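2 protein chains.
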Amino acid sequence: MSAGERPIVVVVGGGFAGLACARALGRAPADVVLVDRRNHHLFQPLLYQVATAALSPANIASPIRRIMRTQRNCTVVMGEVEAIDAEAGTIGIDGNERTFDYLVLACGMTHNYFGHDDWQGVAPGLKSVDDALEIRRRVLLAFEAAEVEADDAARRAELTFVVIGAGPTGVELAGAIAEIATQSIPRDFRRVDTRAAKVILVEGADRVLPTFHEASSERAKRDLEKLGVEVVLGRMASAIDGDGVTIGTGDGARRIDSRCVVWAAGLRAESVVGMLEVPKDKMGRVEVESDLSAPGHPNIFVVGDLIAYTDPENGEVVPGVAQAAMQSGRFVGELIAAEVGGGSRGSSGAFHYNDKGSMATIGRARAVAEVGSLRFGGFVAWVLWSVVHVSFLIGFRSKLFAILEWSWLYIFWSRGARLITGHRAQPDPADRVDAAG
Amino acid sequence: MSAGERPIVVVVGGGFAGLACARALGRAPADVVLVDRRNHHLFQPLLYQVATAALSPANIASPIRRIMRTQRNCTVVMGEVEAIDAEAGTIGIDGNERTFDYLVLACGMTHNYFGHDDWQGVAPGLKSVDDALEIRRRVLLAFEAAEVEADDAARRAELTFVVIGAGPTGVELAGAIAEIATQSIPRDFRRVDTRAAKVILVEGADRVLPTFHEASSERAKRDLEKLGVEVVLGRMASAIDGDGVTIGTGDGARRIDSRCVVWAAGLRAESVVGMLEVPKDKMGRVEVESDLSAPGHPNIFVVGDLIAYTDPENGEVVPGVAQAAMQSGRFVGELIAAEVGGGSRGSSGAFHYNDKGSMATIGRARAVAEVGSLRFGGFVAWVLWSVVHVSFLIGFRSKLFAILEWSWLYIFWSRGARLITGHRAQPDPADRVDAAG
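Protein chains in written order, with numbering that gives the first Met the number 0: chain B, 0 to 436; chain F, 0 to 436.
No lab work stands behind these hints: they were computed from the structure. Hints may contain errors.
Pairs count within a copy or across copies, as identical chains cannot be separated in the list.
Claimed, not checked - Below, simulated SDA-like cross-link-like pairs (lysine to any residue); rule was C-alpha separation at most 20 Å, straight line: (1) LYS355 <-> HIS110; (2) LYS398 <-> LEU383; (3) LYS197 <-> ASP242; (4) LYS398 <-> ILE410; (5) LYS355 <-> ARG68; (6) LYS355 <-> ARG329; (7) LYS398 <-> VAL316; (8) LYS398 <-> PRO185; (9) LYS281 <-> THR74; (10) LYS197 <-> ALA149; (11) LYS126 <-> ILE419; (12) LYS355 <-> LEU383; (13) LYS279 <-> ALA85; (14) LYS126 <-> GLY421; (15) LYS225 <-> GLY249; (16) LYS225 <-> GLY377.
Given the structure is predicted, the values throughout are model-derived calculations rather than measurements.
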């Protein structure tokens, strides 16, 4: 930077990590530029509720500008990052080049189809509002198609929902789809019995919620089965097309006819990270230094889900969850604030993740929660889950409306956002191949 | 129909007219099939509030199945009507042929570009949830683009919004866009002054709200101008492209550079009506008999916006508004119910429209209202408008949430649904030409 000018900190990504970083720089003598390709911050832990028609997108998303409006040293730019020149200290956004003194990458992860990118069109993942609306459209359309389908086998396929991947998102989606079929809509249909719908949750590991304690996994599996979800463990999808899914290979392979498949199985780093020549793990995450800087680039930091980092204090790998994103974002924000304020970097020490616990819901009034060595299940865990999630929603407005929507759902089983909209938000596999080729 | 079987009444369209018709048949000894290409009933008078980020789609739309769930003689079918054979008494829906004893067309109107179908891609109209989300996307994106635009002329074009057509929808859109620019978002932006945005409302007639009393038009124009809207009267768009609009022709033509043009100028009958060979007016509406049957087809009725009908009682043309839709739908539902119950048709007499008044809002706390010979303006009219619209929203749930959202907007000027979603909901003009050709 030129003498006398304020240093420029460019933060890429307005998720939990990026927001926390920008906010931690609120009083720093620096100009913060917060870049996101979308205009809104998304409360991702509740995105599955949009996909299952319980909440509207606006309940869990707020304009980033609105969130940052009172922080006068922060400029919000909606745009796509096209290039990063680490040597020159420049970043290209929608054809404009900007200089930076510090760069913080907080752009998160996207779906990983492990080389089967053609599956994306038939098995959408859940990362954005548009993804959620597309899944909602497919789930609701399946019941509509079943209602007018004359052929028994075709109707069974319309009423079969497959969720691939049993992390928190997969578990929550499967539970919610089962509840839609059995509780929310049966009386709305005349010909088809929606309670006959089948929800199949497929997981490659030998238990659901593999990152949780085994007892929580057991409890979650039992709760899912009570809701009628079939849980298939230790098997992976080997083929997915418009007619269904093949699970496993060879003699043990099982074919499931289904018109609605959802992908919750894998993630990889957003492509922006590929613009940086630094060591990465096989998911594309950056193997950061202990101050979360990128190796060889002391002024470039990586935060949130994008870090491949083992906590030196306890030897544990920091997971890709909202809490870790917020903590790493704040850590880097404070580090840069100290440095531009004249302090030395060493005083920040290494990043340490303080794990406050994990939670996942299974349906309307069941959840599993782990806080330290404590483990809860059932209604108590669900209440805890609700309180924690509402308290983290940004802004009083979103909190109020989410509580109201949930109360309504809880009392009347009525999902407020059962709308089929959009034409074809998800790109065709064909388009994708063309675009890639 | 075969002896002993219950007559089948097919109602096409789940808007105000179709729902009213189906409900009026609730106790009739008939099987009612309610067909709509969408899964939801839409409260169209508030759709402009979705387009301007004040409400979420779910606040003003409810699943048709949900609305009709308790009416056991009604089956809801989501599907597209492909053919009507009036002689055979059959209707083709998504490849399936159904027979009918009575057919009621309640499928409403769509945008009319008066031969300029290529304008559709650059000047979307407002009829569906997808239309509203597309307009919301364009309005919000224009401010985002202005924030990063370096060129003065280009920034002015980004900040210029043109609404073509000053009926209630056009007036309400123009007022709401002006309020977004001047009240909701100025503090969210750093470089651009959104209060400098220009909203231009263009109307071919010599006053806004041409169907209202002249005094209301005057009042509405004054209120719009107070909000900073430029009202251009007696002029029509002669060209629209991605860079702006030309108003008028020849020497008096005026070019307006704008990146966001909204079409609220014309309507024509949905294409389903074209499948019936009956006399129509130039908007494609059916010149119905006094019992609202289609001439020459005593078992086919037309209701809602689709009728070209002069009330024999007072010689006035029945307007295309929600009230008239509900009344005509109920009239035909009751007529069919009486007939299938063994009564004679003549006893229903001619359809008479009971006009309870008209209203349009201009911004947050201003409106014009006409009830009989009474005319209100300002805050009183706005309160009346709010009460009437909320009371007509279907279901307690939608009412409650709409009231809450409005209270929030009224107190904090904060629009709850400021999300930019979707990629390209509106079909390209090119696609449309291909499809038509």
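Verification of the hints:
1. In this homomeric assembly, LYS355 and HIS110 never come within 20 Å of each other (Cα to Cα): the closest approach is 26 Å inside a single copy and 54 Å across copies.
2. Taking the shortest Cα distances, LYS398 and LEU383 sit within 20 Å of each other inside one copy (15 Å), while across copies they are farther apart (30 Å).
3. For a Cα distance limit of 20 Å, the shortest separation of LYS197 from ASP242 inside one copy, 15 Å, qualifies, whereas the shortest one across copies, 51 Å, does not.
4. For the identical chains of this complex, LYS398 and ILE410 are neighbours both inside a copy (18 Å) and across copies (17 Å), given an alpha-carbon limit of 20 Å.
5. Taking identical chains as interchangeable, the C-alpha atoms of LYS355 and ARG68 are never at most 20 Å apart, the minima being 30 Å within one chain and 45 Å between chains.
6. When the C-alpha separation of LYS355 and ARG329 is checked against a cutoff of 20 Å, the pair qualifies only within one copy, where the shortest distance is 16 Å, while the shortest distance between copies is 59 Å.
7. Taking the shortest Cα distances, LYS398 and VAL316 never come within 20 Å of each other, neither inside one copy (32 Å) nor across copies (48 Å).
8. Taking the closest pair of Cα atoms, LYS398 and PRO185 never come within 20 Å of each other, the shortest separation being 30 Å inside a single copy and 24 Å across copies.
9. In this assembly of identical chains, LYS281 and THR74 lie within 20 Å of each other by CA distance neither inside one copy nor across copies; the values are 34 Å within and 52 Å between.
10. When the C-alpha separation of LYS197 and ALA149 is checked against a cutoff of 20 Å, the pair qualifies only within one copy, where the shortest distance is 18 Å, while the shortest distance between copies is 55 Å.
11. In this homomeric assembly, LYS126 and ILE419 come within 20 Å of each other (Cα to Cα) both inside a single copy, at 19 Å, and across copies, at 15 Å.
12. In this assembly of identical chains, the alpha carbons of LYS355 and LEU383 lie at most 20 Å apart only when taken from the same copy (13 Å versus 51 Å across copies).
13. For the identical chains of this complex, LYS279 and ALA85 are intra-copy neighbours only, at 16 Å inside a copy versus 67 Å across copies, given an alpha-carbon limit of 20 Å.
14. In the homo-oligomer, the alpha carbons of LYS126 and GLY421 lie at most 20 Å apart both inside one protomer (17 Å) and across protomers (14 Å), since each shortest distance falls under that limit.
15. For a Cα distance limit of 20 Å, the shortest separation of LYS225 from GLY249 qualifies neither inside one copy, at 31 Å, nor across copies, at 73 Å.
16. Proximity of LYS225 to GLY377 under the C-alpha cut-off of 20 Å is restricted to the intra-copy arrangement: shortest distance 12 Å within a copy versus 57 Å between copies.
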